[in-house]
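Count along the sequence shown from 1, add 2, and you get the number used in the working numbering.
For the record, the hints were derived by calculation from the structure and aren't laboratory data.
Accuracy of the hints is not assured; some may be wrong.
If you anchor each label on the Cβ, the simulated ranges turn out as follows [claimed, not checked]: (1) Ala115 / Ile38: 34 to 42 Å; (2) Pro123 / Gly36: 17 to 25 Å; (3) Asp145 / Asp33: 36 to 44 Å; (4) Phe85 / Gly15: 19 to 27 Å; (5) Pro21 / Ser122: 40 to 48 Å; (6) Ile38 / Ser130: 19 to 27 Å; (7) Ser35 / Lys90: 34 to 42 Å; (8) Pro77 / Arg5: 39 to 47 Å; (9) Glu124 / Ala27: 35 to 43 Å.
DSS-like cross-link-like pairs, simulated, lysine-lysine; straight-line CA separation at most 25 Å [unchecked claim]: (10) Lys4 / Lys158; (11) Lys4 / Lys31; (12) Lys4 / Lys163; (13) Lys4 / Lys90; (14) Lys56 / Lys148; (15) Lys148 / Lys102; (16) Lys50 / Lys178; (17) Lys56 / Lys158; (18) Lys163 / Lys90; (19) Lys126 / Lys163; (20) Lys126 / Lys158; (21) Lys126 / Lys50; (22) Lys102 / Lys163; (23) Lys56 / Lys31; (24) Lys148 / Lys90; (25) Lys56 / Lys90; (26) Lys158 / Lys148; (27) Lys90 / Lys102; (28) Lys158 / Lys90; (29) Lys102 / Lys50; (30) Lys148 / Lys163; (31) Lys31 / Lys126; (32) Lys178 / Lys4; (33) Lys102 / Lys56; (34) Lys50 / Lys4.
Even glycine gets a Cβ: it sits at the ideal position worked out from N, Cα and C.
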Amino acid sequence: MKRPIDLICSGLGLIVLSPVFGVLALWIKLDSSGPIFYRGVRVGRHGKAFRMFKFRSMVQNADKIGAASTPEDDPRVTRIGSFLRAYKLDELPQLLNVFKGEMSLVGPRPQVAWAVELYSPEQKRVLSVRPGITDYASLRFQDEGKILAGSSDPDKDYLEKIHPEKMRLSLEYVRKQSFWLDCEILARTLVAVVVGSRRRAPRINAESNVPTEIVPHHGN
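Take these sequences, add in the hints, and give me the full structure.
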């Protein structure tokens, strides 16, 4: 049932949001030189590589002149890029990936190949499902850039401070996934984006598929 829902919702989303896409595309073009979209290679379901779409929020060829991770104070981020990232608008083109069947609305975030190569056998279970636009880890680390701000080695700090918890949350999702859980995560994502919530991701009750209340995050 998940795939038909992804197909219908992403198709409707692409149609309804097409005016927004047009405005953002024009804004990006006027703001800096380079393509409108960033198409980064990510590892998807069963380890199959695909190109993930995002609105470009950084200078052209940013992936060749800096770390893969992006701190909040990263000079590669453009003026409009800061706005797009703040409201997660740069992720909207991934509706096309969902429509094509490469991603789902909800699922573990797709990673670059070098990060996947570091997965343990247990962590590779996240590759059994389609990656998603949002999940527990996205909610928990919606301010990931702030955690990495000022870092001299963002990729190293990402692996040490963020990656382990992201993987734990992704594995929890794989174990507990359900239609209602996806609805819960989508609703909380919408609230987090619109309200600007700075709260951690939902924890999962060991005896229920429904996450417990999001609790305040008091540390990295």
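Okay, the hints, checked on the actual structure:
1. The hinted window of 34 to 42 Å between Ala115 and Ile38 is violated, with their beta carbons roughly 25 Å apart.
2. Evaluation of the 17 to 25 Å hint for Pro123 and Gly36 yields a failure: the beta carbon distance comes to about 39 Å.
3. Here the CB-CB span from Asp145 to Asp33 is close to 23 Å, at odds with the stated 36 to 44 Å.
4. Taken as a hint, the range 19 to 27 Å holds for the pair Phe85 and Gly15, whose Cβ atoms sit roughly 20 Å apart.
5. Taking 40 to 48 Å as the suggested C-beta distance range, the pair Pro21 and Ser122 conforms, at roughly 44 Å.
6. In this structure the supplied range 19 to 27 Å is violated for Ile38 paired with Ser130, their Cβ-Cβ distance being about 33 Å.
7. Roughly 24 Å separates the CB atoms of Ser35 and Lys90, a value that falls outside the hinted 34 to 42 Å.
8. For Pro77 paired with Arg5, a C-beta distance near 40 Å keeps the hint of 39 to 47 Å intact.
9. Taking 35 to 43 Å as the suggested C-beta distance range, the pair Glu124 and Ala27 conforms, at roughly 41 Å.
10. This hinted pair does not check out: Lys4 and Lys158 have alpha carbons roughly 35 Å apart, beyond 25 Å.
11. Between the alpha carbons of Lys4 and Lys31 the distance comes to roughly 35 Å, so the proposed pair goes past 25 Å and is violated.
12. For the hint linking Lys4 to Lys163, the alpha-carbon distance of about 32 Å lies beyond 25 Å, and the restraint is violated.
13. The straight-line distance between the Cα atoms of Lys4 and Lys90 is roughly 23 Å, inside the 25 Å bound, and the hint therefore holds.
14. In summary, the hint linking Lys56 to Lys148 is supported, as the alpha carbons are separated by about 20 Å, within the 25 Å threshold.
15. Distance restraint check for Lys148 and Lys102: the Cα-Cα separation of roughly 32 Å exceeds the 25 Å cut-off, and the hinted pair is therefore not satisfied.
16. Pair hint Lys50 plus Lys178 holds up; C-alpha atoms about 23 Å apart against a cutoff of 25 Å.
17. Annotation: proposed proximity of Lys56 to Lys158 holds, straight-line Cα distance about 24 Å (limit 25 Å).
18. About 22 Å separates the Cα atoms of Lys163 and Lys90, which keeps this hinted pair within 25 Å; it holds.
19. Distance restraint check for Lys126 and Lys163: the Cα-Cα separation of roughly 19 Å lies within the 25 Å cut-off, and the hinted pair is therefore satisfied.
20. Of the supplied pair hints, the one linking Lys126 and Lys158 holds, its CA atoms being roughly 20 Å apart against a limit of 25 Å.
21. At roughly 13 Å between alpha-carbon atoms, Lys126 and Lys50 fall within 25 Å of each other, so this suggested pair holds.
22. A distance of roughly 33 Å separates the Cα atoms of Lys102 and Lys163; the hinted pair therefore is violated under the 25 Å criterion.
23. Straight-line distance between C-alpha atoms of Lys56 and Lys31 comes to about 14 Å, which keeps the hinted pair within the 25 Å bound.
24. With a C-alpha separation of about 15 Å, the suggested pairing of Lys148 with Lys90 holds against the 25 Å cut-off.
25. In summary, the hint linking Lys56 to Lys90 is supported, as the alpha carbons are separated by about 10 Å, within the 25 Å threshold.
26. Between Lys158 and Lys148 the alpha-carbon distance is near 15 Å, which keeps this suggested pair within the 25 Å criterion.
27. Under the criterion of a C-alpha separation no larger than 25 Å, the hint pairing Lys90 with Lys102 is consistent with the structure, at around 21 Å.
28. With a C-alpha separation of about 24 Å, the suggested pairing of Lys158 with Lys90 holds against the 25 Å cut-off.
29. This hinted pair checks out: Lys102 and Lys50 have alpha carbons roughly 14 Å apart, not beyond 25 Å.
30. For the given pair, Lys148 sits about 12 Å from Lys163 by alpha-carbon distance, which is consistent with the 25 Å threshold.
31. At roughly 38 Å between alpha-carbon atoms, Lys31 and Lys126 are farther apart than 25 Å, so this suggested pair is violated.
32. For the proposed pair Lys178 and Lys4, the alpha carbon gap of about 14 Å is at most 25 Å, so the pair holds.
33. For the hint pairing Lys102 with Lys56, the CA-to-CA distance comes to about 15 Å; that is within 25 Å, so the pair holds.
34. Note on Lys50 and Lys4: the hinted pairing holds, with a Cα-Cα distance of about 20 Å set against a maximum of 25 Å.
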